[in-house]
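Chemist: One letter stands for each residue in the lines below.
2 protein chains.
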Amino acid sequence: MTWKADKARKRIIVVGGTAAGPKAAARAKRLNQEAEVVLIQKAPELSMASCGYPYYVSGGVASRDQLLSTPAGVVRDPLFFAGAKGVKALVNTEATAVDPKAKSVTIRDAAGKRSTLEYDKLILCTGSVPRVPPFPGAGLEGIFTLHSLADADVLRAVAAASAGKPAVVAGGGLIGMETCEALAASGMKVTVVEKLPNILGFLDPDLSLLVQNHARAKGVEVITGMGVAGFEGANGRVSAVRLEDGRSLPCHLAVVALGVAPNVELARAAGLAIGSLGGIAVNEHMRTSDPDIYAAGDCVEVTCRLTGAKTLAPYGDLANLEGRVAGENAAVGDRAAFPGTIGSGICKVFDFAAGATGLSERRARNAGYDVVTAVNASPDKPGFMGAKLLVSKMVADKGTGRILGFQCVGAGEVNRQVAEAAVAVMAGMTVEEAGMADLPYAPPFSLAIDHFIATAHILDNKMKGLFEGESCIEVRRAMDEGREQFLLDVRGPKEFEEMRLGRGETLIPLGQLRSRFDELPKDKDARIVAFCKVSMRGYEARRILEGKGYRNVVVMEGGLMAWPYAREK
Amino acid sequence: MTWKADKARKRIIVVGGTAAGPKAAARAKRLNQEAEVVLIQKAPELSMASCGYPYYVSGGVASRDQLLSTPAGVVRDPLFFAGAKGVKALVNTEATAVDPKAKSVTIRDAAGKRSTLEYDKLILCTGSVPRVPPFPGAGLEGIFTLHSLADADVLRAVAAASAGKPAVVAGGGLIGMETCEALAASGMKVTVVEKLPNILGFLDPDLSLLVQNHARAKGVEVITGMGVAGFEGANGRVSAVRLEDGRSLPCHLAVVALGVAPNVELARAAGLAIGSLGGIAVNEHMRTSDPDIYAAGDCVEVTCRLTGAKTLAPYGDLANLEGRVAGENAAVGDRAAFPGTIGSGICKVFDFAAGATGLSERRARNAGYDVVTAVNASPDKPGFMGAKLLVSKMVADKGTGRILGFQCVGAGEVNRQVAEAAVAVMAGMTVEEAGMADLPYAPPFSLAIDHFIATAHILDNKMKGLFEGESCIEVRRAMDEGREQFLLDVRGPKEFEEMRLGRGETLIPLGQLRSRFDELPKDKDARIVAFCKVSMRGYEARRILEGKGYRNVVVMEGGLMAWPYAREK
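Residue numbers (the working numbering), protein chains in the order written: chain A, 492 to 1060; chain B, 492 to 1060.
Looking at chain A on its own, in the form it has when it is part of the complex (with noise of 0.2 Å):
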């Protein structure tokens, strides 16, 4: 059976049915009252909330119908599509096949019956597919992904009853956390396995080994720079993770969370551009090779703002804003258009959030940018008002000083410094000018000088060489190397008896520093490591005692809260 489009009404079929393809319709519609918008999914739902799937799995989402509704509650079905949008949605259904010549789409019925529809205009928004890599054993049974609904389903009821049973999550990207999270959430007792050497790997090491240490502070195994081998198995089910280096983790269950990769098939049998790195090519009007065929959200490529790069950035709300750049230009022409991404991203891991956005260091150092950077750990408002820590890393280029990057973990408002610092970034704005924002403030929600304009600050004096200052990371190393350094502790005494480092450094409570210059180093050139609790204390001792004269002070950027190894106490 073949639907003829109504030669008087234009026609824009849509093909998928969760983030790009229903914002597309809609904003298609509502451009075009006149043309008729069909909406093809495969699934049995629409427009799911599948970035909370996590937040259903563990229960805290009590019904997966708030999963599907809008705010007032009404469910997001094809009734609701026909009249609050105007949008015919067909569920159940497959797309099998484009023939951009003849622009038309075959589709496939839950009872298996095939039509074709004529198009004028297309919108693929096929959406991704989990990687899951030929493991040997990937057939057994208590092996998940978490992607669809129909996964986090069965997600959620196997692991409310696998309370104190293990689980295994391999990858320990954003999904994976969350994922950890969810099933600790459940009870089960849960390793993340990660085969980089950091976990959130849109974070830099010296950010990201902090939010491990909060994920094993709560409970969890984190392995790292490590990949699984496979899978063992007893009478079809899952009993065991292998890792790389033979050792088995046996678990109830295991997710796997190796991240997604752009589902192009339909494209690809179409004859549409697909470009290197798998996505469907499109320009920024999100029109691909074909002229009457557009596409939007996981499947395709886009632009990295910052480096002029295609990237892939599978994120539910550049979906949604590509969507609707598609649905506009299919509906009206092609008028609007996609600037690309930043990278913006943030998680939730336990009392933890992580959030990025921007190039991290060591993308910023692949994409050829000479690189300055500055750690800063701070309370995220005053004591008096409840304040949790923030610490934050931030990435500019050195030549210009343009903010590149901007990541932030604790347990402190990070939802608010990575907002700023996401607009920052995509407005070129300098680290000097960050230092001069104007940002909103009263003590319930930020300090006087906001976090974000502290970091910009301690980046500054360092890019004016005011501020020698190493990461964590660094002068580990620098102990690991064996290079010879004092280290020197400028808090107080009680504080030292709480939490300390425990390296053969020497306290020195900062007011006392200027009448105790002899208990340091006699020769000026020596290397002296300061630091405090996060960096401000470290960073007037430097001042002191480069004006004693020393020429060799580094401060331990963000100071013993940045610091993510073991201490002492």
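Everything labelled a hint here was simulated from the structure, so no lab data went into it. Accuracy of the hints is not assured; some may be wrong.
No copy is singled out in the list; a pair is fine if it fits within one copy or between any two copies.
With a cut-off of at most 16 Å between alpha-carbon atoms, the simulated EDC-like pairs for lysine to aspartate or glutamate come out as follows [as the list claims (entries may be wrong)]:
1. K579 with E527
2. K1039 with E527
3. K1039 with E525
4. K879 with D1016
5. K889 with E972
It should be emphasised that the depicted structure is a prediction, and the values quoted were computed from it without experimental measurement.
Got chain A sorted already, so can you dock chain B onto it with the hints?
Modeler: For chain B alone, kept in the frame of chain A given last:
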């Protein structure tokens, strides 16, 4: 006695020890370890967290030491300043005169002893004084301001002993509303009296009224558009506040929170230039009309970055940034520049936060801009994550699309919204650019399309003619003027049952609109006002009606959630 400056050492004297002063002193010393930096402070305390006074008055902050301590718990007293900062701080010491010719400051200590100190550079951070008009009865006991820590000490003690008794706060600005909350937290029955038509003057009326409603719901009486005329008393104690209309409000205590004026006595007597707004005139280096005297904090006039006009901006965060610039320039020459303010601010009012950045609609119009605005009401995050409401207003320049200002109120996460908007305003971002922002998203933190982005989308649609919206205030005005309009509520019947306007509106749920056109006015030029709970469905309704040929459909922006007047239910 004259302290001669050691000619080999630069002497920098800073007058004022609350916010700008300590920052200026510390920065100056850091950048010039050879300099002698002296901080003169009239009060017994230094570096007080003055923005925290309301939370100390309420008892939320347990001890006054918390307002005076570093995050590590060290009190910032002269010993701390000497040891940690290398700054000689003289407390209980008043600077009584400046002689710019002799380059000296005359001081008087607690015992009344006078000395004269020579300076190389002087930094005036003399702050502000509360504006207390010469009301009849202003000298009665029981009338307070909340400006100094001594004020806070007294008010805290009196309020704690006055539970159940009436208090009147004159002034519904930021400090007035924070004080109102503090007194209510102490159990007092509080009335706020504001002479202007609305409280919190940084908000436009539409948003201000929502905060006012919230304060009322918390048991506070709010009287607007009415000034205080004087105080009545018995036995030397205040017993009532008399309003301009002759009414008397009985009270056990009254707080005057009518704003602050720059404290420029010392500067004026020294012959320094004073600006037209009454603050010390400074250039971008925070230098006064005397090349050796700088000034920073509440006592100066700064530049509004948006209009270029001079303005008074007595905020703790700006005081710190200005002090940092003044300290640097006094220490090493004029190299740092303070770019001015955009007027960012935030405050807590019971369970609401209210924040703004840039220009309000009123201020933008006064500054001569051709202004477009949009109001948006939405949850701050997905419903399944425990969403709370945000209501925002974006103000933009019609010609360029540049965002001039953003206001946000509600129980949701106002903090992130105003912070990201502030950076956008500073960066000169356009509405269209904001609508394509790549911001951090995960369900615990925001909506997939962040509230700020969604607000930009509404305004962008409006600017492109896709959306004809009016604020609730405009719709209400049309009602009051008896203009014929068809009020169309497009929510569901259950929602209508629970809450409704009750102004003769017709309920047609959005999903049924396409099949119930016959219930609408026949005249396609009839004015139809479409609305729902927030604004999304109202917007959809408008598109549908337009598609049907209606030419005069407006959306009531922000829907019922932004309606600041009484409802039927």
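Chemist: Now tell me if each hint is right for this structure.
Modeler: Against the structure, the hints:
no.	hint	in the structure
1	K579 with E527	within (8 Å within a copy, 77 Å between copies)
2	K1039 with E527	between (78 Å within a copy, 15 Å between copies)
3	K1039 with E525	between (78 Å within a copy, 9 Å between copies)
4	K879 with D1016	neither (38 Å within a copy, 57 Å between copies)
5	K889 with E972	neither (28 Å within a copy, 61 Å between copies)
When the structure is compared with the earlier hints, violations turn up for hints 4, 5 and for no others.
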